[in-house]
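S.K.: Sequence:
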Amino acid sequence: MPHKPRIQIGISCRNIPKLLKASYAKFSVSYGGYLHEKHVTETELVYNNLSPNYTTRLNLEYCFEEKQIITTEIFECEREDRENSVLLGYIQCTVGRVIHSGGELILPITWNEDIQVDRNTSTEVVVCIREDPFSKENIFIKMNGANLDKKDFFGKSDPYVIIYRRNERGKLQKCYRSEVIKNTLFPDWKPILICLDRLCGGNIDCELYFRCFDWDGAVGDSEDVDTEIDDLIGEFNTTVSRLLNSNENGIEFQLINMPKKKRKKCYQNSGLLTVKLYFAQSKFSFLDYIFGGLSINVVVAVDMSTHASMNSITNTPSQQIELSQSHTEYEVAIQAVMEILQEYDSDQLFPAFGFGAKVSSGGKLSHRYPLNGDVNNCYCKGMVGVLSAYRRCLTDLYSSGPILFSPIIREVSEAAKRSEAADNYYVLLILTNGTVDDWIETKKSVIETSFLPISIIVLGVGGGKFSEMEILDQDFGLLKVGQEQACRDNVQTG
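In my numbering, each residue's number is its place in the sequence shown (first place is 1) plus 44.
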C-alpha cells in the first residue's frame, strides 16, 4: 500500500472574551473504523492574550479515504488550575474540509450556553493543517558487510538485514527487510529508498535496530525468510541522526551476537556492517497539490446488474427482501464514500452513471447511462443528489449483459484529456458486485489512466466474488498487458 502522509494540526483563536487569566485548547481527531480511534491533545496555557496562537500540534496520519473529524474546545482558567477551567465554546469540522480550504479554516465559535458572555463577540477559531515535513522526506540506505560469520556447513552464509524501531507501545516494529544475498561473507546490498517517517516515525533520534540473519535455504525461497528459523549473525543499534551526520563513507558497525559473546571469552564480533544514509530529492506530495489549489472532480459509476436481474423476475416476497437489502448496501456504500469525497469537490456537482443494465424493457443497452435520466446533464447535486438519482432509476432497469468497466473508465480518461486546466484531478468511484466481462479492456483502460490525473476507487458491494479486483489494486506489481504497463498504482479496491 502507498505510504500515508502525516499531518500537523494547529489551533489559534481570535477575539476571546476576557474572563480569566489564561486559556488553552483541547482538540481531538476521531474517525470511523472498528475501534473508532481517537487522537486527543491539549495545548499549553497562554496568559493574558485575547487572540492566542497555541504552539502545540497534533500529529497523525492523513487518511484521504476516511472521514476525520476535528473537535476543538476552548477553555479559560486561573493560572495552572485546569481542573476548574471554564469551557467557552467549541467548533467542529473535518480534516478534508480544512485541507480543501488550502490548509486553513476559520470558524465562528459555538458558545457554551452555561456561561455569561457577550454573544455578539465575534470569536473565531482558526484550524491550520500542514503536512509533516518528515512525512514526505525520502532517504537512501546503502549497506554492505564484511567478514560475516560462516553459518552454513557446506557453504558460506546467505545474509539479509532487517531494520526495526520501537513503536508507541515499546514493541519492536519492522521497518525494512533487505534482499537475501546468497553464499557470501561480503554482501553488498542494493540501495533502498524509504520514507523517513516509515523508518523512524519522523524522529531522527529514534533508536534503530539492525539485525543480520543467515537465510535457511532449506525453507521456501529467498523471499520467505523466517527469523524464528534463520540464524542470527549479529546486531547493533544506532539512530538516524548519527547516520545522517556521518561522512560520505557511512559508519562501520560491529555485528554482535550476544549468545556467542557469552560463550566465547575471546569473541570480538560476527562481522562488520557499513551503513550510509543520505536524503533523496524531495518530490511534491498529494497534499502539496491539494494545498496548491488542485480541483478534484468526482465521478460515480454504479453496477446496476444486480438490481436489473431482480427487476426482470417476478417479485416474490423473498425476492423483495433481497432487493431491499441490496439497495440498502449500495446506498450505504454511496453515502459512506461520497460523504468523504464531496469535501474535496468545489462545485459539489457529480456526474453519476449506471452500467450493466438497460433502462426500460424496450430500452437500448448503455454501458454508461446517467442515473438521473437526463442525457444532456448527468450531474447530481451533492451526495443527496447521487442517492436520489440512484433510487429514481431502480424500478426502470432490466437485465442485459455484458457488464463492462472499460467504457466508463475511458469516459473519464477522455474528460481528463479534454480538461484545459492543469489543476484538475479526477476520482472515479466504481461500485460493483464483482462481475467484470471485459477484463483485458478494463486493464488496458486502467493502464491509460495511470498516465493521466486520475485515481480509481473500486468498492465491492454485496456477496459477490471480489478476489479478481485485487489485481487492479497493484499492491504487488504494476498492471501490465502485453507491452503496456502502468506508470503508477492509481487504483484502490475495497
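Simulated from the structure, these hints should not be mistaken for lab results.
Some hints could be false.
Stated by the list, open to error - 27 Å max Cα-Cα, derived DSS-like pairs, lysine-lysine:
1. 425 - 48
2. 309 - 218
3. 308 - 194
4. 111 - 186
5. 425 - 461
6. 48 - 305
7. 180 - 226
Claimed, not checked - Pair ranges (Cβ atoms, derived):
8. 109 - 174: 18 to 26 Å
9. 86 - 58: 48 to 56 Å
10. 198 - 298: 25 to 33 Å
11. 181 - 214: 20 to 28 Å
12. 109 - 426: 36 to 44 Å
13. 100 - 236: 48 to 56 Å
14. 61 - 249: 18 to 26 Å
15. 495 - 304: 15 to 23 Å
16. 524 - 481: 34 to 42 Å
17. 249 - 199: 16 to 24 Å
18. 210 - 93: 34 to 42 Å
19. 524 - 148: 38 to 46 Å
Backbone N, C-alpha and C fix where the C-beta goes; we use that ideal spot for every residue, glycine too.
S.K.: Does each hint hold? Answer for all of them.
M.R.: Verification of the supplied hints:
| no. | hint | in the structure |
| --- | --- | --- |
| 1 | 425 - 48 | 30 Å, violated |
| 2 | 309 - 218 | 32 Å, violated |
| 3 | 308 - 194 | 16 Å, holds |
| 4 | 111 - 186 | 39 Å, violated |
| 5 | 425 - 461 | 24 Å, holds |
| 6 | 48 - 305 | 41 Å, violated |
| 7 | 180 - 226 | 33 Å, violated |
| 8 | 109 - 174: 18 to 26 Å | 21 Å, holds |
| 9 | 86 - 58: 48 to 56 Å | 20 Å, violated |
| 10 | 198 - 298: 25 to 33 Å | 27 Å, holds |
| 11 | 181 - 214: 20 to 28 Å | 25 Å, holds |
| 12 | 109 - 426: 36 to 44 Å | 19 Å, violated |
| 13 | 100 - 236: 48 to 56 Å | 35 Å, violated |
| 14 | 61 - 249: 18 to 26 Å | 42 Å, violated |
| 15 | 495 - 304: 15 to 23 Å | 53 Å, violated |
| 16 | 524 - 481: 34 to 42 Å | 21 Å, violated |
| 17 | 249 - 199: 16 to 24 Å | 40 Å, violated |
| 18 | 210 - 93: 34 to 42 Å | 38 Å, holds |
| 19 | 524 - 148: 38 to 46 Å | 42 Å, holds |
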